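Those protein sequence lines, which keep their order, are chains A and B. For the first sequence, our numbering begins at 3 and goes up steadily by one. For the second sequence, our numbering begins at 6 and goes up steadily by one.
Any given hint could be a false lead.
Calculated pairs, BS3-like style, for lysine-lysine (alpha carbon to alpha carbon, straight line, at most 27 Å) [said to hold, decoys possible]: (1) K109/B <-> K137/B; (2) K70/B <-> K125/B; (3) K105/A <-> K137/B; (4) K10/A <-> K125/B; (5) K10/A <-> K51/A; (6) K137/B <-> K51/A; (7) K10/A <-> K27/A; (8) K27/A <-> K51/A; (9) K137/B <-> K70/B.
Quick caveat, the hints were computed from the structure, so don't treat them as lab data. Remember, predicted model here, so these are calculated numbers, not experimental data.
Okay, here's what each chain looks like letter by letter:
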Amino acid sequence: MRTPEEAKELSRRFIEEVFNQRNLKHAEEVLAEDFVEHSPPFPGMGNDKAAAMEGFRLFLDSSDDLHVEIVDLISDGGRIAIYGRYAGTDTGGFAPGVPPTGKRFDIEGIDVAVLSDDGRFVEHYGIADVMTAMGQLGLMPAPGG
Amino acid sequence: MSDVERNIDVVRRLEDLYNRRDYAQIGDLVRDDLIAHTPSSDQRPQDNEGLIANNEGAYAGFPDKRTEVLDTFGEGDRVVARIREVGTNTGGLPWLGIPANDAKVDFEWVQISRHDDDGKVAETWTQMETPKLMMQLGAMPAPGGM
Chain A
3 MRTPEEAKEL SRRFIEEVFN QRNLKHAEEV LAEDFVEHSP PFPGMGNDKA
53 AAMEGFRLFL DSSDDLHVEI VDLISDGGRI AIYGRYAGTD TGGFAPGVPP
103 TGKRFDIEGI DVAVLSDDGR FVEHYGIADV MTAMGQLGLM PAPGG
Chain B
6 MSDVERNIDV VRRLEDLYNR RDYAQIGDLV RDDLIAHTPS SDQRPQDNEG
56 LIANNEGAYA GFPDKRTEVL DTFGEGDRVV ARIREVGTNT GGLPWLGIPA
106 NDAKVDFEWV QISRHDDDGK VAETWTQMET PKLMMQLGAM PAPGGM
């Protein structure tokens with residue numbers, strides 16, 4: 003069991019390295035090989051480490067000035083919630099097959115990670131405010147589809 | 006029972022109360038001046054009466070609605086909860102412009118709650134799988150279909 007402070011330090015480093023410094027190698031190192039992704043960004047991606055890594059890559063590719071700011075961290079040592087603010091310009095497309103809009107998004111999300119005793123991430127679930135992002139990018143479908 | 010354990014128990018009891026639609030204890034679990042940060046939700050006042058109206062409104066659309074607490078943990082005055090909701094739209098969701106269509110929904114939300122010294126919920130921050138819900142209701146195209 004890690005202390006909450008240790009879990010927070012690992013999470014701050016993860017957010018800074020992977021999203022703000024675009025260092026996917028850090029994610030490769032700190033995600034356990036048997037990592038379970040409960041919230042893949044798109045259906046059909048799978049739930050393993052490869053799916054999680056692909057999710058990070060798609061997110062980075064969607065915005066070349068993505069910046070993540072941590073609003074709050076809550077941890078019991080074994081688990082940590084990361085309440086974050088995700089802002090950037092839609093330079094790469096919001097979803098596969100959707101052309102970039104060049105507009106800015108600025109949304110919040112809550113993610114939970116489970117940590118192993120040796121300080122690796124072993125599970126994740128999380129939800130971001132996708133509806134608000136789609137509204138900011140002008141991608142909201144008309145009512146009724 | 007530590008304060009964190011007590012606060013987690015409050016979150017679980019509140020979800021149980023919503024599932025039983027028995028609101029007598031709601032004032033023991035949630036402050037009447039609750040501040041709820043829930044994106045894309047209606048702006049009904051989040052006092053105890055507003056929370057009851059929200060839950061009853063959801064039952065009008067999904068009479069078989071059930072929620073299940075999948076995970077909880079806490080630190081200090083905060084609790085994190087992962088909650089799953091399932092139901093069938095046999096009643097219609099007029100506030101979303103969606104008629105009754107027998108669509109089955111199965112979605113989750115993650116909630117952070119701040120608790121006061123008595124353990125009552127004072128403030129919440131919630132993120133819902135709203136796109137998944139809207140797709141299940143047939144009100145939004147699946148990704149790639151846009």
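* Asked: Of the numbered hints stated previously, which ones are contradicted by the structure, given in increasing order?
  -> none
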